[in-house]
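These protein sequence lines map, in sequence, to chains A and B.
Everything in the first sequence is counted per this note's numbering, starting at 38 for the first residue and increasing by one.
Everything in the second sequence is counted per this note's numbering, starting at 53 for the first residue and increasing by one.
Careful, some of the hints might be misleading.
Unchecked claim - Using C-beta positions, here's what the derived DEER-type ranges look like: (1) A/Ser355 x B/Arg93: 29 to 37 Å; (2) A/Thr44 x B/Asp62: 50 to 58 Å; (3) B/Leu99 x A/Thr393: 28 to 36 Å; (4) B/Leu99 x A/Ser356: 17 to 25 Å; (5) B/Arg128 x A/Gln339: 20 to 28 Å; (6) A/Glu591 x B/Leu99: 35 to 43 Å; (7) B/Arg128 x A/Val232: 37 to 45 Å; (8) A/Lys726 x B/Asp78: 41 to 49 Å; (9) B/His143 x A/Asp236: 32 to 40 Å.
If you're looking for bench data, these hints aren't it; they were derived computationally from the structure.
All figures in this text were calculated on a predicted structure; none of them were measured in a lab.
Positions of the beta carbon are idealized from the N, C-alpha and C atoms, including for glycine.
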Amino acid sequence: AAHGPETVDPVVRAHVYSLVSAIGGSGGEDDGRYVLGDDALACLRDIRRWLRLYDDKRQRLDVARCLAEANLVKGDLLEILASWPEDATEDHMRSKLAQACLEILVPITYPYNIEEENFKRNHHKHLNYLQLAQLGYKRDIIHHDGQILRAAVRIALPCMATPCRDRTPRDEGLIRFVLYFIRNVAEIAPPKNAVYDGDEAEVSRSSVIDALQNQDVFPFLLTIAANVKGDFPTQDVLVLEILFHMLKGVDPEQLFLEEEKLASKHTDELSDLIQKEKAMLASQARDAPSRHSRFGTMVWLQRDNGNMSTIFGQDGISSQDKAIRKMDSTKRWNKPKYRPRNVEEPGANDFDTKVTLSQSVRKYLHDFINEFLDSSFNPLFIHIRKAIESEADRVLGEHSRQYFYLVSWFLQAECLRRQSATQRAAAKGKQCAGKTPDSSPNDDNSFALVAGVLNQESFIALSRFMQRSMDDKAWQDLNAGMRCFTRVLLTVQEMADSPNEDDQEIAENIQNRIFYEGMTHDRMLALLRGYKYQGFGYLDSVTELAHVFLRLLERYSKQNVDMQVRIRSRARKKKRQSIPNNEDGDQEIEGDAEETRQAAERTSRERKFDFTRFATRFTNEDSVNTFVSLAKAYADLSSEQLKRAHRFFYRVAFKNELSVLLFRVDILHLFHKMIRGPGGLDPDMPGFKEWEELVRNVFRKVVKKLPDRPELVIEMLFKKIPGTVFYLEHGHDKAAMTR
Amino acid sequence: GDDNIDVGIDKEVEVVRKRKQAPKLDAELLLSANGIPKLRRISKERLRFKGKGHEYSDISRLLNMYQLWLDELYPRAKFLDGITMIEKAGHTKRMQVMRKEWINESKPKAPGEEDMER
Numbered sequence: 038a039a040h041g042p043e044t045v046d047p048v049v050r051a052h053v054y055s056l057v058s059a060i061g062g063s064g065g066e067d068d069g070r071y072v073l074g075d076d077a078l079a080c081l082r083d084i085r086r087w088l089r090l091y092d093d094k095r096q097r098l099d100v101a102r103c104l105a106e107a108n109l110v111k112g113d114l115l116e117i118l119a120s121w122p123e124d125a126t127e128d129h130m131r132s133k134l135a136q137a138c139l140e141i142l143v144p145i146t147y148p149y150n151i152e153e154e155n156f157k158r159n160h161h162k163h164l165n166y167l168q169l170a171q172l173g174y175k176r177d178i179i180h181h182d183g184q185i186l187r188a189a190v191r192i193a194l195p196c197m198a199t200p201c202r203d204r205t206p207r208d209e210g211l212i213r214f215v216l217y218f219i220r221n222v223a224e225i226a227p228p229k230n231a232v233y234d235g236d237e238a239e240v241s242r243s244s245v246i247d248a249l250q251n252q253d254v255f256p257f258l259l260t261i262a263a264n265v266k267g268d269f270p271t272q273d274v275l276v277l278e279i280l281f282h283m284l285k286g287v288d289p290e291q292l293f294l295e296e297e298k299l300a301s302k303h304t305d306e307l308s309d310l311i312q313k314e315k316a317m318l319a320s321q322a323r324d325a326p327s328r329h330s331r332f333g334t335m336v337w338l339q340r341d342n343g344n345m346s347t348i349f350g351q352d353g354i355s356s357q358d359k360a361i362r363k364m365d366s367t368k369r370w371n372k373p374k375y376r377p378r379n380v381e382e383p384g385a386n387d388f389d390t391k392v393t394l395s396q397s398v399r400k401y402l403h404d405f406i407n408e409f410l411d412s413s414f415n416p417l418f419i420h421i422r423k424a425i426e427s428e429a430d431r432v433l434g435e436h437s438r439q440y441f442y443l444v445s446w447f448l449q450a451e452c453l454r455r456q457s458a459t460q461r462a463a464a465k466g467k468q469c470a471g472k473t474p475d476s477s478p479n480d481d482n483s484f485a486l487v488a489g490v491l492n493q494e495s496f497i498a499l500s501r502f503m504q505r506s507m508d509d510k511a512w513q514d515l516n517a518g519m520r521c522f523t524r525v526l527l528t529v530q531e532m533a534d535s536p537n538e539d540d541q542e543i544a545e546n547i548q549n550r551i552f553y554e555g556m557t558h559d560r561m562l563a564l565l566r567g568y569k570y571q572g573f574g575y576l577d578s579v580t581e582l583a584h585v586f587l588r589l590l591e592r593y594s595k596q597n598v599d600m601q602v603r604i605r606s607r608a609r610k611k612k613r614q615s616i617p618n619n620e621d622g623d624q625e626i627e628g629d630a631e632e633t634r635q636a637a638e639r640t641s642r643e644r645k646f647d648f649t650r651f652a653t654r655f656t657n658e659d660s661v662n663t664f665v666s667l668a669k670a671y672a673d674l675s676s677e678q679l680k681r682a683h684r685f686f687y688r689v690a691f692k693n694e695l696s697v698l699l700f701r702v703d704i705l706h707l708f709h710k711m712i713r714g715p716g717g718l719d720p721d722m723p724g725f726k727e728w729e730e731l732v733r734n735v736f737r738k739v740v741k742k743l744p745d746r747p748e749l750v751i752e753m754l755f756k757k758i759p760g761t762v763f764y765l766e767h768g769h770d771k772a773a774m775t776r
Numbered sequence: 053g054d055d056n057i058d059v060g061i062d063k064e065v066e067v068v069r070k071r072k073q074a075p076k077l078d079a080e081l082l083l084s085a086n087g088i089p090k091l092r093r094i095s096k097e098r099l100r101f102k103g104k105g106h107e108y109s110d111i112s113r114l115l116n117m118y119q120l121w122l123d124e125l126y127p128r129a130k131f132l133d134g135i136t137m138i139e140k141a142g143h144t145k146r147m148q149v150m151r152k153e154w155i156n157e158s159k160p161k162a163p164g165e166e167d168m169e170r
């Protein structure tokens with residue numbers, strides 16, 4: 038092997054280049070059309086062999102690099118696929134060529150997800166280049182005049198036409214290859230650490246969906262998804278991946294709000310943003326110097342021991358608050374920040390980053406999702422759940438995450454669809470009252486369209502998944518699970534509110550099952566308490582879940598006054614205690630039978646559910662910290678998120694009488710800053726009044742309590758010691774009350 | 053001859069100066085005279101609230117008290133950084149014991165309870 042400045046062994050390069058140039062080319066003759074080389078098919082197969090035997094076997098990436106530099110994709114492969122005439126169904130040679138092209142396109146567009154510890158020297162050498170090259174491939178594929186994706190689908194059609202049991206492994210492989218190809222095109226995204234110098238819009242989500250629509254890929258996907266049980270049992274996870282990479286980060290509201298409403302929402306958004314900016318500038322102007330920058334003001338701040346502190350600049354002159362703030366901001370030293378290692382970098386599986394779509398694409402996707410929900414959602418998602426449960430070979434680690442994310446996505450989409458349908462129906466009813474109502478596609482039974490993920494098996498799978506990712510500290514997985522659970526709760530709630538009695542009954546049943554498990558309650562507590570450095574997307578999910586869960590649980594337990602909860606953990610403890618008793622052997626069969634009967638009773642022990650008690654456990658100091666982390670990002674929160682935080686703090690301080698948990702210097706500082714600035718909430722924002730009221734009431738409590746209880750001055754610096762909370766709140770011990 | 057000369061006089065002696073350790077904001081500093089004892093004193097002397105209708109300015113005054121106290125105790129850190137560090141120091145055994153004691157001091161004592169605890 039040659040060493041030196043060459044990026045790739047020259048011999049390898051020469052081999053690959055000669056193969057690429059022998060495939061074919063376009064010249065002056067034939068009006069610049071692409072002309073195949075004499076042995077094009079053999080050359081393509083050779084290239085495939087090179088990729089497999091040199092790159093894959095030795096983990097080198099050299100051949101892929103040469104192919105990228107030789108412009109194989111745009112120069113040859115896409116030309117061959119584009120020139121495959123639609124009517125040439127019988128042309129064996131042409132379809133063989135197309136298949137050969139696809140067999141090269143799939144491996145070179147395959148995303149590189151290499152774990153850092155498996156990096157070889159060559160990976161460092163080639164990876165950045167290749168990732169940018171893949172982006173170029175993606176651009177060329179979706180913008181090529183010759184409908185490349187359509188051609189790819191055509192490769193799979195004859196194989197799909199044969200029934201499942203008659204297909205050869207090669208047929209199966211080809212269908213899978215086409216799906217991989219589409220998946221790759223959907224997944225490729227600009228790498229984070231490299232600069233893409235092309236037009237980002239050309240490789241954006243909108244352009245992908247546009248291409249999928251215009252080249253008739255959606256019907257292909259729908260066919261597979263709807264018939265997944267009979268004809269395509271092993272292609273399910275690939276469709277899942279395609280859906281995931283198409284829909285991640287897309288807000289369903291974008292698709293299902295009516296066009297005018299969306300437009301008005303956008304103008305509202307714009308005016309909101311302008312308003313926000315104005316408020317920001319106003320608050321800056323309040324503190325800005327009113328003279329030029331060399332005006333040279335110097336202020337002394339008198340300290341208690343006769344010392345002075347000196348502060349420069351005009352911003353310190355107008356009030357003590359400002360002077361102190363200025364003094365603080367001029368300090369140079371910063372506390373080193375802790376940066377956790379085990380938090381996953383958001384890569385291709387990131388669904389927290391929002392994506393906006395262009396208007397036409399929104400329409401396409403809306404139609405596709407409509408059809409998908411009507412025809413394919415249940416079969417596909419039931420099938421995948423079973424595959425995940427049986428740990429089929431084709432199921433990979435990330436599939437569960439994608440599955441649960443997509444479940445939550447489609448549940449939300451279905452809810453929005455129902456809402457807009459009922460609104461439309463109401464509007465229509467007003468217009469033409471008395472006429473026969475149209476048979477709308479969304480009758481009352483349309484919850485059936487998503488029923489496949491609302492059965493007991495799904496709940497078990499979901500809670501098992503959440504528990505496992507919690508134990509494994511797989512935060513991004515957990516994030517997907519929490520979103521899914523939140524959405525399930527909301528959907529069931531909507532069902533309970535539906536006018537249809539059957540829906541109500543089913544919803545009642547489901548709620549009963551969800552809330553019956555004591556484990557679920559404990560998990561909610563653990564989730565909310567366990568937030569630490571997992572990132573904003575996770576924080577958003579965990580607080581939303583806590584908010585929704587507590588709200589719905591409160592409602593449900595009010596409606597069902599003697600609600601029972603099953604608890605497991607204590608049962609085991611008792612069982613163990615009773616075992617030695619049995620080993621004495623004195624009580625024989627009778628005692629034994631008695632023992633097992635008791636054990637059976639204990640393992641399914643029930644307890645009456647007490648919401649107040651649960652809510653008190655829920656509002657502990659750790660969960661306060663979680664919500665404080667959320668509130669700290671107040672400048673970037675939506676009004677819905679702010680409301681969530683507001684409700685929680687209100688519950689802590691006034692419903693559960695635990696206001697001491699908020700008596701902390703950092704929290705008071707945050708609250709003060711949020712309302713009074715500088716850089717606080719916008720006073721014209723909806724919900725600002727509520728926040729101001731809440732903060733004022735908390736502050737009033739502090740002011741009232743401090744003079745009576747001097748120890749609070751100290752305790753405000755710290756997390757409270759659990760045993761002292763009651764005394765600090767009420768001024769007497771619990772025991773003292775009963776005395 | 054060379055055999056009795058090399059005693060290392062010619063070699064330069066390298067003086068390794070230790071980096072000056074920055075003071076730490078820990079339990080010890082907090083329990084020193086300038087720490088929490090002082091905070092207890094000044095809060096009693098100085099904290100006067102205006103009460104209803106002035107909640108925000110009252111809390112602002114409270115926060116300023118903490119900030120100036122912290123600036124004198126540990127001038128190096130910004131306010132919020134310092135608060136975080138103090139919070140962390142509060143988890144030590146020693147601080148916990150002291151905090152409980154301060155709380156107990158202010159409790160109205162039932163007769164005889166004090167002897168039981170000691």
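The hints, checked one at a time:
Between A/Ser355 and B/Arg93 the beta carbon distance is about 30 Å. The supplied range of 29 to 37 Å therefore holds. In this structure the supplied range 50 to 58 Å holds for A/Thr44 paired with B/Asp62, their Cβ-Cβ distance being about 53 Å. Separated by about 51 Å at the C-beta atoms, B/Leu99 and A/Thr393 break the suggested range of 28 to 36 Å. Evaluation of the 17 to 25 Å hint for B/Leu99 and A/Ser356 yields a pass: the beta carbon distance comes to about 19 Å.
Here the CB-CB span from B/Arg128 to A/Gln339 is close to 22 Å, well matched to the stated 20 to 28 Å. For the pair A/Glu591 and B/Leu99, the supplied restraint of 35 to 43 Å holds, since their beta-carbon distance comes to about 38 Å. At roughly 39 Å, the beta-carbon separation of B/Arg128 and A/Val232 lies within the given 37 to 45 Å, and the hint holds. For the pair A/Lys726 and B/Asp78, the supplied restraint of 41 to 49 Å holds, since their beta-carbon distance comes to about 43 Å.
The hint said 32 to 40 Å for the Cβ distance between B/His143 and A/Asp236, and at roughly 53 Å that hint is violated.
The earlier numbered hints that this structure contradicts are 3 and 9.
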